[in-house]
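Colleague: Per the working numbering: the sequence shown ends with 338, consecutive numbering throughout.
Do not rely on the hints blindly, as some may be mistaken.
Claimed, not checked - Between beta-carbon pairs, the in silico distance windows are:
#  : residue 1 : residue 2 : range
1  : P145      : R262      : 30 to 40 Å
2  : G282      : G119      : 21 to 31 Å
3  : G205      : P97       : 30 to 40 Å
4  : Q95       : G212      : 44 to 54 Å
5  : Q95       : A168      : 35 to 45 Å
6  : G305      : R116      : 36 to 46 Å
7  : P320      : R262      : 19 to 29 Å
8  : R116      : I138      : 36 to 46 Å
9  : R197      : R164      : 32 to 42 Å
10 : P279      : R116      : 39 to 49 Å
11 : V146      : G205      : 18 to 28 Å
12 : T241      : Q95       : 23 to 33 Å
13 : L51       : A168      : 38 to 48 Å
14 : V149      : I325      : 36 to 46 Å
No lab work stands behind these hints: they were computed from the structure. Since the model is a prediction, treat every value here as computed from it, not as a measurement. The beta carbon of each residue, even a glycine, is placed where N, CA and C say it ideally should be.
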Amino acid sequence: MSEACGALWRVAVTGCAGFIGSHVAAALRLSGASIVCIDNLSRAGWYPLLLLRYHGIRVEAVDVRDYDAVVRLLDGVDAVVHTAAYISVPESVQKPSLYASNNVNATASLLEAVRDSGVEALVYTSSAAVYGEPSRIPITEDHPVRPVNPYGLFKACEEQLIRMLSAGYGYRYMILRLFNVYGPGQSRGYAGVVERFAEAFTSGEPVTIYGDGTQTRDFIHVYDVSAAVIASLKALLGGTAGNETLNIASGRETSIKTLYRVFEELTARQPPVIHAPPRPGDVARSVASVEKAWRVIGFRSSMGLREGLSTVLAYHTDPIGLLIRSPAPLPGTSSAR
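Make a model of the complete structure from these sequences and hints.
Modeller: So, in structure tokens, the structure goes:
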């Protein structure tokens, strides 16, 4: 199939009971696509499961490493969005064999199933962790790949597998290097700084800032990530682009101090701050070049930081209301605000 409209797509989403996968599946459903939702449910979140149920998306409780089951589920599928992964950097350091199995081995098995099912397009959600400590800012896609932890190393390995096998296996791909993704439904156990701050600002607990707070990150809302996935699918299935690696980010550099200040303005609260030593491996600055994503798939983030953080606060204070008022992102490629 080479359609430019999601209404005619049949798309499989792996890891769809996770934070990113559930939002991607919901956005695809809103675009009119038919969804095959694959997840072994080992780390499913309550909000992602609620989001899927709200949109009438059934979860196929299958491990991506189960080749036979995945081949059956991919019958008649036009494209796969592969978000399934273990995502904790500290855990990857403590249990690298677990991450090799659940990330690298799972991707290798999925690629075999993609080949044998005749799926023509693959979107893979990689990570800015492949870059490691950046040697130049903003980070472009040709920046050296120098991961500093097993999670980033395995992401880089999966990227290379996808590139290496694409021609022989008969699929075209988009590799999306996601920067600091945040939004409603993020797992508290594996959350980044936005989720930790939101929890502190809504509960009154202290906020921990590692280092002096001048370190910067490039935050992108999960709604924007979903829009980037849909833009990638349009390019792949429409035949306008393929076999590309793209940064998916806002292109805006935000310090941790600034993040605290925006939360303070939104909530009119000032939770106490605990200053802790910098964590080993934390990068000082991170911001992406996003020009290639605009050029190749016409994507730019549209969610401003204040608006995005408001959805996270709503998730903490009224998650059901948030779901009803704004059930899923509407795909779009509007200019950043």
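Colleague: Hints numbered earlier in the text: which of these fail when held up against the supplied structure?
Modeller: 2, 4, 11, 12
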